[in-house]
Amino acid sequence: MRLLRRPLFITQIVNTRPPRKDKRTMDNFQDLTIKSAAELLAHKKISAKELALMSLKRIKQIDDKLHAFLYVAEDESMVAADKADSAIADGENFSLTGIPYAVKDNILVKGMQATAGSKILENYKATYDATVIKKLNEEQPVLMGKTNPDEFGMGSSTENSAYGPSFNPYDITRVPGGSSGGSAVAVASGEALFALGTDTGGSCRHPAAFCGIVGFKPTYGRCSRYGLMALGSSLDQPGILTKTVEDAAMVLQLMAGQDPFDSTTLPKPVPDYSQYFDKSIKGMKIGMPKEYFVAGLDPEVKSSIDHAIKKLQDLGAVVEETSLPHIKYSLAAYYLILPVEISANLSRYDGIRYGLSVAGNNLEEVYFNTRSQGFGAEAKRRIMIGTYASSAGYYDAYYKKAKQVQTLIREEFKSAFSKYDLLLSPTTPGTAFKIGEKVNDPLAMYLEDIFTVALNIAGVPGMSMPVGLSKAGLPIGMQLIASHFAEEKLFQAGHALEQALNIKLKPKL
Amino acid sequence: MSISIDEVNRIAKLARLSFNDDEKQKLQQELSAILDYVDQLKQVENKVQTESMPDADALNLVRDDVVEVTTEPEEFLLQAPSRQNNFIKVKSVLD
Chain L
0 MRLLRRPLFI TQIVNTRPPR KDKRTMDNFQ DLTIKSAAEL LAHKKISAKE
50 LALMSLKRIK QIDDKLHAFL YVAEDESMVA ADKADSAIAD GENFSLTGIP
100 YAVKDNILVK GMQATAGSKI LENYKATYDA TVIKKLNEEQ PVLMGKTNPD
150 EFGMGSSTEN SAYGPSFNPY DITRVPGGSS GGSAVAVASG EALFALGTDT
200 GGSCRHPAAF CGIVGFKPTY GRCSRYGLMA LGSSLDQPGI LTKTVEDAAM
250 VLQLMAGQDP FDSTTLPKPV PDYSQYFDKS IKGMKIGMPK EYFVAGLDPE
300 VKSSIDHAIK KLQDLGAVVE ETSLPHIKYS LAAYYLILPV EISANLSRYD
350 GIRYGLSVAG NNLEEVYFNT RSQGFGAEAK RRIMIGTYAS SAGYYDAYYK
400 KAKQVQTLIR EEFKSAFSKY DLLLSPTTPG TAFKIGEKVN DPLAMYLEDI
450 FTVALNIAGV PGMSMPVGLS KAGLPIGMQL IASHFAEEKL FQAGHALEQA
500 LNIKLKPKL
Chain G
0 MSISIDEVNR IAKLARLSFN DDEKQKLQQE LSAILDYVDQ LKQVENKVQT
50 ESMPDADALN LVRDDVVEVT TEPEEFLLQA PSRQNNFIKV KSVLD
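Chain order of the listed sequences is L and G. For what it's worth, numbering that gives the first Met the number 0 labels the leading residue of the first sequence as 0, then goes sequentially. For what it's worth, numbering that gives the first Met the number 0 labels the leading residue of the second sequence as 0, then goes sequentially.
Because the hints were derived from the structure by calculation, they are not lab data. There's no promise every hint is true.
What the hints assert, rightly or not - To give an idea of the chain L side of the interface with chain G (calculated C-beta under 7 Å), a few residues:
| hint | residue |
| --- | --- |
| 1 | Y127 |
| 2 | S232 |
| 3 | A331 |
| 4 | M383 |
| 5 | Y394 |
| 6 | P441 |
To be verified - Covered stretches of chain L (chain G as the covering partner; in silico rule of three or more C-beta atoms under 8 Å from a C-beta of chain G):
| hint | region |
| --- | --- |
| 7 | 194-208 |
| 8 | 319-326 |
| 9 | 346-353 |
| 10 | 399-410 |
For glycine and all other residues, C-beta sits at the position ideal for the given N, C-alpha and C.
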């Protein structure tokens, strides 16, 4: 099975010259990317065991301060690293073999906890692997642990996690973004070389922007949602967090593809993404939806993006203003469609088959008690909105209307992509905010997603990449958007821009 | 678009969630604020008659009706709060 996967990335890596200096000390683990670590492994300069030990050392060193991890797979990672080393010794060395990674705690890894950041699944252990985990396992990366999310993926800061927030490695008094905050922190702080998250309204791209890394959301239907705890079934996708654009492509290469267990995945062939790196972007047409560049955008965010646009133009891309008039309704449509789907998807947490079960005098009481005790405030809020908007008498006015607006937004994206290769926008309205600053104002928190939700609504893929640092030393991200199943364009332009910008962001921790 | 406490009670019952009075007050305010925000969708004219349709080639992917066991039932049963042999035990469903 493994041999059917053509390891193109690793072929390219093995064909490069071996790294010049041999001084790969523990301190340099933070500087590694998937690609550079794969180089070291391929040239036998390091073992998977050593990488895993470095990862564990780093986690032990700083995770007390950062709280990226809810579970550190200390024993499991050692076993996995040994297996990876055997595979490498047998010549079965692929691009992700032996690479330490982390997984958001709402994605199922068989036998391991999966709390989704909620009390309602505090003692739950996954009974099967998510498809994306199975697919990654074909190349045997090394799982270092499960990361902290906002509860079930609801939030933009990890402050909605029942286990406490994660902290931004650039400033630990600030949030890392969310909901895949823990995963973003693990990568940004050098605890792991890549991480999986989920992205329903920006949950990979948002924390990537706040933490100065790459956050990638595939097209809806590109990757399987089987084994992801469903939040918004028409919006969810597994997402990727890495330090570089090329790393993200290496992970997507493995994760993408139709899955018989998820009938919303499409039988579209997965391109060889490695062909799109170092491809010129001369003549690429990039549109900037003017609805995203209104007054009120953080001036530092604007200036970093302006700088990135200049670089893109220097590379020969044509960047110009365009208009998608209905995208300004994306957030409103999202915060109607999503809660309706949440209220349906979270009804399974009822104390019957798994998870928390609180006693009651009758069946109804078991439901009420379990759910009221097990869910956090935001989960309850969204369930309530969704229940209201889909209930008799309100369905037409709210949910149905939102679905119609969704169609308009989708059509506008499609029409934009008939003219442009990519669209471009800020990822977040500002830089990382302080812990506690927005958690008591749900609407203010929702507005964090203003640039990211449209992609989930339309189903198109997108990527956030770091484009600068604010004066306060906080990362700034820019979002690139492609049309359905055109992820390769994101990699092509993203990589070119990344090389041109040459920003090496690294937290001081 | 303000929501009444009665509405909050009604929705809570549908959602199988219980709240104390303070929580209900807070929810009433929060939900009203959110609904106010999403109300802007009313500004969008009814240009579209159908709801969002997936791409044409994505409709109705089916597979053969063949049973496959991918996880042993025992593994699922181990997660159940209460079990009896191969059954999950629950409070009586019918009075």
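Here is what the structure says about each hint:
1. This hint holds: Y127(L) has a C-beta 5 Å from the nearest C-beta of chain G, less than the 7 Å allowed.
2. At its closest, the beta carbon of S232(L) sits 13 Å from a beta carbon of chain G; the interface hint therefore is violated under the 7 Å criterion.
3. Here the hint on A331(L) is kept, as its CB sits about 5 Å from the closest CB of chain G, short of 7 Å.
4. Here the hint on M383(L) is kept, as its CB sits about 5 Å from the closest CB of chain G, short of 7 Å.
5. Of the supplied interface hints, the one on Y394(L) is violated, with its beta-carbon coming no nearer than about 12 Å to a beta-carbon of chain G, more than 7 Å.
6. The restraint placing P441(L) at the interface with chain G holds, with a minimum CB-CB distance near 6 Å, inside the 7 Å limit.
7. Proximity of the region 194-208 of chain L to chain G, defined as three or more residues with a beta carbon under 8 Å from a beta carbon of that chain, is not established by the 0 residues found.
8. Using a Cβ-Cβ cut-off of 8 Å, 1 residues of the region 319-326 of chain L lie near chain G, which falls short of the minimum of three, so the contact claim is violated.
9. Only residues whose beta carbon comes within less than 8 Å of a beta carbon in chain G count, and the region 346-353 of chain L has 6; three or more means the coverage holds.
10. Counting residues of the region 399-410 of chain L whose C-beta sits closer than 8 Å to any C-beta of chain G gives 10, which meets the bar of three, so the coverage hint holds.
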